[in-house]
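2 protein chains.
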Amino acid sequence: MTANSLIEKAKLASGDINRAGTSLKNQALERLAALLEANAAEILAANEQDLEHGAANGLAIGLQDRLRLTTERIASLASAVREIIALADPVGEIVSGRTLHNGLKISQVRVPFGVIGMIYEARPNVTIDIAALAIKSGNALVLRGGSAAEKTNAVLIRLVRRALDDFGISPDVIQSVDEFGRDGAKAIMMARGLVDVLIPRGSANLIKTVVEESKVPVIETGDGIVHIYVDESADLDKAIPIIINSKTQRPSVCNSLETLLVHKDVASELLPKLNEALLSEDVVVHADETASGLMSGATMAQESDWATEYLALELSVRVVDGIDQALDHIARYSTKHTESILTEDLGTAERFLAEVDAAVVMVNSSTRFTDGGEFGFGAEVGISTQKLHARGPMGLSVLTSTKWLVRGNGQVRG
Amino acid sequence: MTANSLIEKAKLASGDINRAGTSLKNQALERLAALLEANAAEILAANEQDLEHGAANGLAIGLQDRLRLTTERIASLASAVREIIALADPVGEIVSGRTLHNGLKISQVRVPFGVIGMIYEARPNVTIDIAALAIKSGNALVLRGGSAAEKTNAVLIRLVRRALDDFGISPDVIQSVDEFGRDGAKAIMMARGLVDVLIPRGSANLIKTVVEESKVPVIETGDGIVHIYVDESADLDKAIPIIINSKTQRPSVCNSLETLLVHKDVASELLPKLNEALLSEDVVVHADETASGLMSGATMAQESDWATEYLALELSVRVVDGIDQALDHIARYSTKHTESILTEDLGTAERFLAEVDAAVVMVNSSTRFTDGGEFGFGAEVGISTQKLHARGPMGLSVLTSTKWLVRGNGQVRG
Chain R
4 MTANSLIEKA
14 KLASGDINRA
24 GTSLKNQALE
34 RLAALLEANA
44 AEILAANEQD
54 LEHGAANGLA
64 IGLQDRLRLT
74 TERIASLASA
84 VREIIALADP
94 VGEIVSGRTL
104 HNGLKISQVR
114 VPFGVIGMIY
124 EARPNVTIDI
134 AALAIKSGNA
144 LVLRGGSAAE
154 KTNAVLIRLV
164 RRALDDFGIS
174 PDVIQSVDEF
184 GRDGAKAIMM
194 ARGLVDVLIP
204 RGSANLIKTV
214 VEESKVPVIE
224 TGDGIVHIYV
234 DESADLDKAI
244 PIIINSKTQR
254 PSVCNSLETL
264 LVHKDVASEL
274 LPKLNEALLS
284 EDVVVHADET
294 ASGLMSGATM
304 AQESDWATEY
314 LALELSVRVV
324 DGIDQALDHI
334 ARYSTKHTES
344 ILTEDLGTAE
354 RFLAEVDAAV
364 VMVNSSTRFT
374 DGGEFGFGAE
384 VGISTQKLHA
394 RGPMGLSVLT
404 STKWLVRGNG
414 QVRG
Chain C
4 MTANSLIEKA
14 KLASGDINRA
24 GTSLKNQALE
34 RLAALLEANA
44 AEILAANEQD
54 LEHGAANGLA
64 IGLQDRLRLT
74 TERIASLASA
84 VREIIALADP
94 VGEIVSGRTL
104 HNGLKISQVR
114 VPFGVIGMIY
124 EARPNVTIDI
134 AALAIKSGNA
144 LVLRGGSAAE
154 KTNAVLIRLV
164 RRALDDFGIS
174 PDVIQSVDEF
184 GRDGAKAIMM
194 ARGLVDVLIP
204 RGSANLIKTV
214 VEESKVPVIE
224 TGDGIVHIYV
234 DESADLDKAI
244 PIIINSKTQR
254 PSVCNSLETL
264 LVHKDVASEL
274 LPKLNEALLS
284 EDVVVHADET
294 ASGLMSGATM
304 AQESDWATEY
314 LALELSVRVV
324 DGIDQALDHI
334 ARYSTKHTES
344 ILTEDLGTAE
354 RFLAEVDAAV
364 VMVNSSTRFT
374 DGGEFGFGAE
384 VGISTQKLHA
394 RGPMGLSVLT
404 STKWLVRGNG
414 QVRG
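For the protein sequence lines, the chains are R and C, in the order given.
Under the numbering used here, think of the first position of the first sequence as 4, with each following residue one higher.
Under the numbering used here, think of the first position of the second sequence as 4, with each following residue one higher.
Keep in mind that the hints were calculated from the coordinates and are not lab data.
One should not assume that every hint holds.
Since the list gives no way to pick out one identical chain from another, each pair is judged satisfied if it fits inside one copy or across any two copies.
As the list claims (entries may be wrong) - Here are the computed lysine-lysine pairs in the DSS-like style, where the Cα-Cα straight-line distance is at most 25 Å: (1) 189 <-> 267; (2) 218 <-> 189; (3) 14 <-> 189; (4) 189 <-> 211; (5) 108 <-> 12; (6) 241 <-> 267; (7) 108 <-> 211; (8) 108 <-> 241; (9) 218 <-> 12; (10) 189 <-> 12; (11) 108 <-> 276; (12) 276 <-> 218; (13) 14 <-> 267; (14) 276 <-> 241.
The model shown is predicted, which means the values in this text are computed figures rather than measured ones.
Using the sequences and the hints, build the whole thing.
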């Protein structure tokens, strides 16, 4: 058995799930949620083995925490599956359509991609999330998870397969190539014609490798060097809560603030007050020369700070001459994820919205709102920082393609 | 000057065209149309040089014909540009939007990709088509045309640059890397971060190379091994005109019929009559054993015929037991471009529409209708056979991405 033969099995079985109706898919998902709850002990035992192996091999504490499952976390896995059951099935949605002058009726209909590949790191919740999203959107799935979560994932994938099998859907619809290690990941990346789309999730490094090496089309979920620019016209009473929320509400995620740009005319009023608020939240500040003078305790920003995604309680601060310099800074360092301006001037707001090239561009809003749940998508597949196919928070429909149906009664082209 | 520095120039200049308004873009396009007409003599002289060089180097007659420009063909280039002026500008279209429970107003708006790359073969009309489409959709453009059309393309690109310059848009928005030959093509394929999307047009071989080697996301416009399946329930009076139209109306293009599958119960009635019609159109028939007995003059089909896109007056014919065998044959040999069934049975029609995995799936229609113009898109960028981003005939909006605009008044996430 090679990794490629497992991928071929997923492709062969994919028709089963591609054509399954909404009701059958939802029944299998409900079974999966029940199986997760009923088999919590087995899942926890496997997870304990992974954790012991991780601790013995010096896995970072943060990663150990991401890897750890508890009874409560298993319960949330099951509720995440039930939330996906509640979503509308994207398959079969008519996206557009018309009757042509010659009487041909054309309609563009959502269809599953076929087979989705995913390469990700040691987070067992991703295994269940993507499996449930794939089933709901009618796709087969080939997974390569991090080796640190291998035993946990093996149990979870077995439960997914059992849930499918219980409703007459081939369990081969879900495949793991974990046993082949890096060769498994490589096999997915090379499986053009078998795997229709590949989604990497994890470190910037993992995503970069996949984007560069994959022959299969990739949906890139990227890192966020996220900026807020405080314009001279900003309402400073709104500014501090927005900045604190953007930086501290969940600093480890991609939509949290990394660099603050402040107009020189409001710096001396804003920065000392902001500094107090940041200090009380234990945020380390890397400030440019002007900002340093206004923010006691700040360290001096290095050139490299502007290009760093801290994902931690650290913030770069730069004082700029105005919107032109802010736009230049953002164009140079942005990873095109989320950028926000604080301003009360309509023209400045509209210029920022028009000129910033990013997946999400905001006015007077915390950057933490770049999120599928917050956007009302119900479930989130990730946040795309590429421009092809999907950009920004991605809902379930991102896991579908379309096909055109043409209904005629003998039309020929003149 | 390297190919990469030209690509960087296009990227630097791209803001000029990304932010140009509809009226400015249309004025530049009208100037381009006028310049093509006013400079016909210079274009023809350059084209003559390319043709002489091609003839001396044994360029195939078909390719010489595609390369050749005439006064009439230059007039059609100018009218093609004017047709693009008449299209709606996709940039700025609001694709979706809503107000969230917290008062944030989110809207998803079409924006230009930024920089488009194109690698194509010796067809000077493609140069003007894609330049006009790129300008209209607000994109910068990097071109690598076939070396056979190098002198013609150089003149055409000079005229495009002049038209932009006349309206204060940087001419660097359009770049050709032809002078670097294959290295130019390679530079475009490697320019991840500079070029946002790459569209190859030309032979199956050229497209395959680009798809396999490009680090830039590709929109694949593929070849078509197009099938018609004549079901036992088909109206045979409709069948012959549809088959003849699909095969002969323009055999050199990707939506023309290559393989006919016929239900065994109607083969003896359909095939002799069809054979007469095919013979009178000079179509060479490659038939399986059963079909051969019913089609005088047919040669015996080889296994390789089922996998061949003839792009010529040749047709493969196979008699099948029924729809299951037809679906199996199509699943095996289809390039997922266009597939059509001829049937009067509703259930069979719906099953074919649901189960065939192709960009366009038809009932009782000539396959020649898979076309952006016929679908009402006004202009056609090509026909995508991939599933990501675009599938089937592509209109102008395929050259755009979207971004999300978020308008708030101080919202923070709880």
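Hint check:
no., hint, in the structure
1, 189 <-> 267, "neither (50 Å within a copy, 45 Å between copies)"
2, 218 <-> 189, "both (10 Å within a copy, 16 Å between copies)"
3, 14 <-> 189, "within (17 Å within a copy, 32 Å between copies)"
4, 189 <-> 211, "both (14 Å within a copy, 20 Å between copies)"
5, 108 <-> 12, "neither (36 Å within a copy, 45 Å between copies)"
6, 241 <-> 267, "within (18 Å within a copy, 75 Å between copies)"
7, 108 <-> 211, "neither (43 Å within a copy, 33 Å between copies)"
8, 108 <-> 241, "between (53 Å within a copy, 17 Å between copies)"
9, 218 <-> 12, "within (19 Å within a copy, 28 Å between copies)"
10, 189 <-> 12, "within (17 Å within a copy, 35 Å between copies)"
11, 108 <-> 276, "neither (63 Å within a copy, 29 Å between copies)"
12, 276 <-> 218, "neither (51 Å within a copy, 47 Å between copies)"
13, 14 <-> 267, "neither (58 Å within a copy, 30 Å between copies)"
14, 276 <-> 241, "within (13 Å within a copy, 80 Å between copies)"
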